[in-house]
Amino acid sequence: MQVYKELAEIIRREQVAEDIYRFTVKAPDIAAASKPGQFVMVRTGEGLDPLLRRPFSVHQVAEGGMVQILFKVIGKGTQALANMEVGRKLDVLGPIGRGFTIADDSQHFLVGGGIGIAPLFFLARRILKKSEPFSIRVLLGARTKDEIATLADDFKSMGLVVDTITEDGSLGKQGLVTDLMVDLQQEKPVMIYGCGPYPMLRAVAKTCRENSWGCQVSLETMMACGLAACLGCAVLRADMKGYVHACKDGPVFDADDVAWL
Amino acid sequence: MAVDQADMKVSIGSLRLRNPVMTASGTFGYGEEFGSLVNLHRLGAIIAKGISLLPRQGNPPPRIAETACGMLNAIGLENVGLERFFTEKLSFLRGIDTPLIVNILGDTIEDYQQLAKRLNYEEKVAAVEVNISCPNVKQGGVAFGTDPAMAHAVTKAVCQHFSRPVIVKLSPNVTDITLVARAVEEAGADGLSLINTVLGMAIDIESCRPKLANTFGGLSGPAIKPIALRMVWQVAGSVSIPIIGIGGITTPEDAIEFLLAGATAIQVGTANFINPQATEEIIQGIGMYLEKNGITSIEDLIGKARRE
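Those sequence lines, one after another, are chains A and B. Counting from 131, one number per residue, gives the positions in the first sequence under this note's numbering. Counting from 5, one number per residue, gives the positions in the second sequence under this note's numbering.
There's no promise every hint is true.
Simulated pairs of lysine-lysine, PhoX-like, Cα-Cα distance not exceeding 25 Å [as the list claims (entries may be wrong)]:
| no. | chain 1 | residue 1 | chain 2 | residue 2 |
| --- | --- | --- | --- | --- |
| 1 | B | K215 | A | K371 |
| 2 | B | K13 | B | K308 |
| 3 | A | K202 | B | K215 |
| 4 | A | K165 | A | K202 |
| 5 | A | K135 | A | K206 |
| 6 | B | K215 | A | K206 |
| 7 | A | K378 | A | K165 |
| 8 | A | K260 | A | K318 |
| 9 | A | K202 | A | K318 |
| 10 | A | K303 | A | K275 |
| 11 | A | K135 | A | K378 |
| 12 | B | K215 | A | K378 |
Facing chain B, according to a computed beta carbon distance under 7 Å, are these residues of chain A, among others [said to hold, decoys possible]:
| no. | residue |
| --- | --- |
| 13 | K135 |
| 14 | C355 |
| 15 | G362 |
Derived by calculation from the structure, the hints in this document are not laboratory data. Quantities reported herein were computed from a predicted structural model and do not represent experimental measurements. Here a beta-carbon is modelled for each residue, glycine too, at the ideal position from N, C-alpha and C.
Produce the complete structure using the sequences and hints provided.
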C-alpha cells in the first residue's frame, strides 16, 4: 500500500459548530490517492506531548490537491489542531486503510452519528459519480442540533434526501438514528454505510442483520501508527478467534466480519 | 553527502552494520509496512516484529494509551508465528540489502531452542534478538528477564543452536539490570539490547477503569529516555560485549547520547510511529554531528562520556 507523507498547508479553517472544525489542507498526493472511508494520520504539533498522530477520516477531496478533515475537539490533540491557523503546515500521512466498497445497483443509505458523519460526504460524492441522487438517502443522528445542522444542509445542497434525528429533539424527530432505519425502500438491494460511535454502529449492524441488508461500518479504535506496525488497533473478529486491525483490514469492515460486544 | 564521509560502521560480534541505527522490534512491522516511506537499504539493520513458534492472538483491546511524552502498550506479542514468517514475510526482507535481525520469544527454553534452530538454517537472518523481557504476557517472557539464572539458561540454549550473533533484549523492570546483563554475557551472548518498555498503567477518570484491557502495559517513547540512558551507562560499566541502546530515541541528539553512554548501536522504536522517517533522519543527523565535530570514526564516540 502506497502511503504518502506530506507537509500540508492549511488553506482554510472553518468552525462548523461549537468544538467542530473543518480544515482544508493542500496534500496533492494524498488527495489523488484517497478513497472514501480511508483516513489520514496527522501530527497535531511539533512537540512530544501529545506524542502520537491522530487519525481522521478523509472528509472530502477537492480540486487543486485539497484534502478536508472534519473533527471535534475531544482532547489535547484535537485542541492543539483546532488552534492552528491558516498557512501553518500539517504533517499528514495517508491515505491509510480499506475504505467503503460502493455496491453496484443498490439503494444506498449513508447512516452517520455525530462527528461520524465525516467520511460520508466523500462517499456520497463518489456514489454520485455513478448513480442518481435518488439512489442515496442520508440518515443522520446526533445528541443535539448543533452537531449536525450545518452538515445536513451540506448534504441537501448536493441534492440528497436527508433525514435527521436528535436525542434531544432539537432537529428532526427525537430518538436514535436507528429509529430512521424503518420502511427503507427495497426495490433494489439495500446497502448501509455506517459511521459513528460504537453503540450506534452495533445497533445499525443488528438492524441490518435482522433485515438482511448489506452493511459496512467504519470503526474507530485507539491507534498509534496507522502503518500496521504497532498492532494497537485490534478489532475482535466475528468468530472471536483472533483480531483484525483497523488500520489495515479496516477502518471499514463488513459488519458480519467483526464481533459486536 | 555528509553522511557518507565519516565512518559510521559498527559491529555486534561478527555482525557488521553500515551504521548504528536499527528499528526496534514491534515498531516497524516486517519492514514492508514502511517500504513506501523509508529507504530500507540505508538502515543499519531491521529488527522484525517478535516471532513465536506458533501464531499468537495478542491481548484484547484497548491495547494502547497515550501518556505524557509516551505511550503504554499491551499488544500481548500478537504475531503470525514462525511458519507464516517464513512463507509471508521473509521474501520481501530478502530483497532488502540490510541485515535482518529476528526477535524471538517463547514460553519455555525449548521454544527458544526450536526458534533458534529453525532460524539458523535461514541465511538472511543475520542475528537473533532474544526477547526475555516483554512485560505483557503472563507466563514466560518476564520471568526469564527478571531472573539472572533463567536469563542465563535461555541465552545458553539459543547460543547452542544459532551460529551467528545472539543479542539478548533486557527488561528494565528489575532492581539491578547489571546482574541480568552479566549473566547473559557469561552465557555467551554477542550483544545486549536495552531497554524494553517500563511497566506502567493509566486510568480513565470518567469510566473509573484502567485504560488498558490488560491493566498494565509497557511505557515507551521520550518519557523513558533518561531511564534507558542510565541503564545503558550502568551496563556499559559491567559487561564487555556491545550494547544496543533503546528507549525513547527520537532525534539524532538522543542517539548520540546513547553512543556517548557506551552503546555501540541504537534502536528507534516509538519514534517510528510519530515520524516513520525517524531512522533515516537520525542516520543523517549522526553523520552531520560527526562531520561538524571532526570525528572520522563513530567508534571514537562510543563510551566517550565515560572516559572524560
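Here's how the hints hold up against the structure:
no., hint, in the structure
1, B:K215 x A:K371, "holds, 23 Å"
2, B:K13 x B:K308, "holds, 17 Å"
3, A:K202 x B:K215, "holds, 21 Å"
4, A:K165 x A:K202, "holds, 22 Å"
5, A:K135 x A:K206, "holds, 23 Å"
6, B:K215 x A:K206, "holds, 17 Å"
7, A:K378 x A:K165, "holds, 14 Å"
8, A:K260 x A:K318, "holds, 16 Å"
9, A:K202 x A:K318, "violated, 35 Å"
10, A:K303 x A:K275, "holds, 11 Å"
11, A:K135 x A:K378, "holds, 17 Å"
12, B:K215 x A:K378, "holds, 23 Å"
13, K135, "holds, 6 Å"
14, C355, "holds, 4 Å"
15, G362, "holds, 4 Å"
Taken one by one, the earlier hints fail for this structure only at number 9.
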